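Enquirer: For reference, the chains in residue letters:
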Amino acid sequence: MRDVYVIGCGMTKFGEIWESSFRDLFVEAGLKAIKDAGVDHLDSMYVGTMTSGLFIGQEHVGALMADYLGMAPIPAVRVESACCSGGLAVRMGFLDIASGNSDIVLAGGVEKMNDGADVTFALSTAADQEYECYHGVTFPGLYAMIARAHMHRYGTTRNQLAQVAVKNHFNGSMNPNAQFPRKVTLEQVKSSVLVADPLTVLDSSPVSDGGACVILASEEVAKKLQKPMIKIIGSGVATDSLALDQREDITALNAVKVSAERAFKMAGLKPSDIDLAEVHDCFTIAEICILEELGFAERGKGGLFTEQGHTALTGKIPINTSGGLKSKGHPVGATGAAQVVEIFEQLTGKSGERQIKNAKIGLAQNMGGSGASSVTHIFSLM
Amino acid sequence: MPSPRYRREMPQRYRLEAGKCKGCGKIFFPPRLICNKCGSQEFEQVVLPENGKIVTFTIIRVAPAQFEAEVPYAIAIVELENGVRITTQVVDCDPEKLDIGNEVKLVFRKIQKEGKTGILLYGYKAVLV
Ligand SMILES: [Zn+2]
Chain A
1 MRDVYVIGCG MTKFGEIWES SFRDLFVEAG LKAIKDAGVD HLDSMYVGTM
51 TSGLFIGQEH VGALMADYLG MAPIPAVRVE SACCSGGLAV RMGFLDIASG
101 NSDIVLAGGV EKMNDGADVT FALSTAADQE YECYHGVTFP GLYAMIARAH
151 MHRYGTTRNQ LAQVAVKNHF NGSMNPNAQF PRKVTLEQVK SSVLVADPLT
201 VLDSSPVSDG GACVILASEE VAKKLQKPMI KIIGSGVATD SLALDQREDI
251 TALNAVKVSA ERAFKMAGLK PSDIDLAEVH DCFTIAEICI LEELGFAERG
301 KGGLFTEQGH TALTGKIPIN TSGGLKSKGH PVGATGAAQV VEIFEQLTGK
351 SGERQIKNAK IGLAQNMGGS GASSVTHIFS LM
Chain B
383 MPSPRYRREM PQRYRLEAGK CKGCGKIFFP PRLICNKCGS QEFEQVVLPE
433 NGKIVTFTII RVAPAQFEAE VPYAIAIVEL ENGVRITTQV VDCDPEKLDI
483 GNEVKLVFRK IQKEGKTGIL LYGYKAVLV
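Line order of the protein sequences matches chains A and B.
Reminder that position 179 of the first sequence reads as 179 in the numbering used here, one-by-one numbering, no gaps.
Converting from the second sequence to the numbering used here requires adding 382 to each position, the first position being numbered 1.
Derived from the structure by calculation, the hints contain no laboratory data.
Any given hint could turn out to be false.
Unchecked claim - Label-pair ranges, simulated between beta-carbon atoms:
| no. | chain 1 | residue 1 | chain 2 | residue 2 | range |
| --- | --- | --- | --- | --- | --- |
| 1 | B | P454 | A | H60 | 14 to 24 angstroms |
| 2 | A | D3 | B | N433 | 56 to 66 angstroms |
| 3 | B | R397 | A | P176 | 52 to 62 angstroms |
| 4 | B | Q427 | A | P176 | 25 to 35 angstroms |
| 5 | A | G300 | B | Y504 | 49 to 59 angstroms |
| 6 | B | C420 | A | D40 | 33 to 43 angstroms |
| 7 | A | T157 | B | L510 | 41 to 51 angstroms |
Since the structure is predicted, the reported quantities are computational estimates derived from the model, not experimental observations.
Where a beta carbon is used, it is the ideal one built from N, C-alpha and C, also for glycine.
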C-alpha cells in the first residue's frame, strides 16, 4: 500500500443554512478544499451522505456533486453508513490512493436536514426498521437506553453526562463554523427540555445543514505541492448489530473498539500516543462510551475521566476541540469529514484560540447509528 | 407499510416466533438464516416466553410522526426468561415510575396506524406484572 496524505480541507459553516442547497453546501466545501490544497484536478471523489433521499428526495449524489463541482466525468461514488458516511468516504479515498489507482482524491460529506423532512424519522432509519423503529424507538431513545444502562452499571452521573456538553460547547465557542458557538452550564444542560429520559435537548447534537471536504494525495503529489505533510498513519472500520438489543453488552460500542484497534495496529501506536481526538459525540453518553472504547479511559470510567478534566483543551487528551457534534453541529453525512478538517487544522497550527500546542498526532472517530458502524483514522504531522 | 412487508413479520409480531440454532442452541429473535456464533444454517422454530425483566428503558418525549399522539411513552429492552432481548413499549403504567429490573409480560396490542387511511399494525407491548 502507498502512503496517503491529507493536503487540504474546507468546510461550510454548520447550522440552519437556509440560503444554500444540498449541492451548494457540498460544492462550497469542495471548492475551499481544492483551493486550500492547490490542486488543479481530481482523479476521483467520494461523497458521504446518510439519507439525502429522505431529507430532500435526492439520490444519485456522486454524479450530481461531480457535475456541480465542475469535475465530471471523473469517477464519483456516494458512500453511506448512516452518521459515519463522511468518515467512510475518507476511508474510501484513502484506499483509492493507497491502492495506486488515484493520486488526488476529494473525500467529503454533506447533509441538508432543515428543508422540511421528518428528521426524527429520517434519522431512525439508521436503526432496525422492523424491530426497533416499528415500536416507536427514536435515536435519542436508543442513546438514552445506553445512558441509563451505563449509569446503572457503572454509577455514571447526570453531572458527568452534562459535563461533556459543557466542555464541548466551551470549545465550540471558539469555532467560527460552529452552529451553537455558545457556552452552556451544567444547570442549563440538566434543566433543558427532556428528549428521551435521561437525555435532554442539550445532551443531544443539533439538526444541521453543512458540508466538509478534504483532499487526499499520494506522497509524490504532496511533496510536489510543498504542502504540510499530514499522513494518514492508521485507518480502521468495523461493524456491529444495527439493533441495540442484539448486543451482549448494551453499554459497549464494539465497532468503535475494533475500528480503533485496527487503526492503532496499523499506526503502531497506543492511546497514550495521541495528542488530541475528534470523537462522535452525537449525545453526551456517546462521548463517554467512546472514551472507554478508544482506550483513553478505563471501562466504566468515561464519565469520571470527563469530570476530572482530562478531556478538556488543557487536559491530557483534549477531545472534540472543534466543539464536537454537540456544539459545532451534526449534518450527519458531513460530520466524519469535518472531524478530519479539525484534526488537519490542529496539526497544521491553524486552530486559532483553541489550538493545542505542539499537536503532532490526532485521531478522528466517526460512528453510525447506535454504534453499528465506526471509522477511526489516525493522522500524523511528518 | 406495504402489506407484503407487514405480513412477513406477522409470525414474530403476533406469535413471538424465534429461531433456535441447531448447532449451538443460541436463540435468535428475529430469526436469521445463519448463526453469528457457530455458523450453522440449521434452525428449529421456537416461541419466546412472555415474561421478562427490564434491562434498560427510556421515556420518548419527541416521537416520529406516527407516534406523536402517544408521547410520553416508555420504550424498554426486555430480557425474556430464556435470555433473548427484545425492544418494546411498556404500557398501562406511569413511565416515570419504571425501573431497571421491573418484571414485565408481553401482550398483544395495536402498535401504530398506517397513515390516514391505511391498515392498523399490531404486535407485542410489555405490561408490568
Ligand atoms: Zn449457532
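Enquirer: Now, for every hint given, state plainly whether the structure supports it.
Expert: Cross-check of the supplied hints:
1. B:P454 with A:H60: 14 to 24 angstroms: Distance hint for P454 (chain B), H60 (chain A) is violated at roughly 40 angstroms.
2. A:D3 with B:N433: 56 to 66 angstroms: holds, 58 angstroms
3. B:R397 with A:P176: 52 to 62 angstroms: Once the Cβ atoms are compared, 57 angstroms apart, the range 52 to 62 angstroms for P176 (chain A) and R397 (chain B) holds.
4. B:Q427 with A:P176: 25 to 35 angstroms: This hint is violated: roughly 59 angstroms between Cβ atoms.
5. A:G300 with B:Y504: 49 to 59 angstroms: Since the Cβ atoms of G300 (chain A) and Y504 (chain B) sit about 40 angstroms apart, the hinted range of 49 to 59 angstroms is violated.
6. B:C420 with A:D40: 33 to 43 angstroms: About 55 angstroms separates the Cβ atoms of C420 (chain B) and D40 (chain A), which means 33 to 43 angstroms is violated.
7. A:T157 with B:L510: 41 to 51 angstroms: At roughly 27 angstroms between Cβ atoms, L510 (chain B) and T157 (chain A) fall outside 41 to 51 angstroms, so the hint is violated.
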